[in-house]
Amino acid sequence: MTAIAKDVTTLIQVSDPVGSDPTVASQCGQVLDDVKAARAYGELPDDIAQTSWNEALDRLDTAASHCVRNAKAGKSGSSLTEAIDVESAFHSFSLRIEQLRSQS
Numbered sequence: 011m012t013a014i015a016k017d018v019t020t021l022i023q024v025s026d027p028v029g030s031d032p033t034v035a036s037q038c039g040q041v042l043d044d045v046k047a048a049r050a051y052g053e054l055p056d057d058i059a060q061t062s063w064n065e066a067l068d069r070l071d072t073a074a075s076h077c078v079r080n081a082k083a084g085k086s087g088s089s090l091t092e093a094i095d096v097e098s099a100f101h102s103f104s105l106r107i108e109q110l111r112s113q114s
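For any residue, its number in our numbering is found by taking its place in the sequence shown, counting from 1, and adding 10.
One should not assume that every hint holds.
Said to hold, decoys possible - BS3-like mimics (lysine-lysine), calculated; alpha carbons at most 30 Å apart, straight line: (1) Lys16 <-> Lys46; (2) Lys16 <-> Lys82; (3) Lys82 <-> Lys46; (4) Lys85 <-> Lys46; (5) Lys85 <-> Lys16.
What the hints contain is simulated information worked out from the structure, not anything from laboratory work.
Let the hints inform the model, and build the full structure from the sequences given.
Laid out in structure tokens, this is it:
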């Protein structure tokens, strides 16, 4: 969860259309690796949390894939709209985890 939270921040940072950072493709490649690793974990015991987790990972995977492709084409890494969608999905997941923690 910590790695995915950092990846959300990475996507926001690489959505800046100003300038060209030669490390963007590798940064977004790392995001894809982290998504793959996160998917390898078992299902969460809470259906709502699992659904929001899957949505966050799906959006992160899509945005990071676009980021790698765009960076290799010399464009800004990811679109800010995609990065905000990822952040929103991850925020929903985080809220659900907090709700579950407060219930225990």
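So, going through the hints one by one against the coordinates:
1. Annotation: proposed proximity of Lys16 to Lys46 holds, straight-line Cα distance about 15 Å (limit 30 Å).
2. At most 30 Å may separate the alpha-carbon atoms for a hinted pair to count; Lys16 and Lys82 meet this at roughly 22 Å.
3. This hinted pair checks out: Lys82 and Lys46 have alpha carbons roughly 21 Å apart, not beyond 30 Å.
4. A C-alpha spacing of about 25 Å is found between Lys85 and Lys46, which places the hinted pair at or below 30 Å, so the restraint holds.
5. With a C-alpha separation of about 22 Å, the suggested pair Lys85 and Lys16 falls inside the 30 Å cut-off, and the hint holds.
Consistency with the previously given hints is maintained throughout, with no hint failing.
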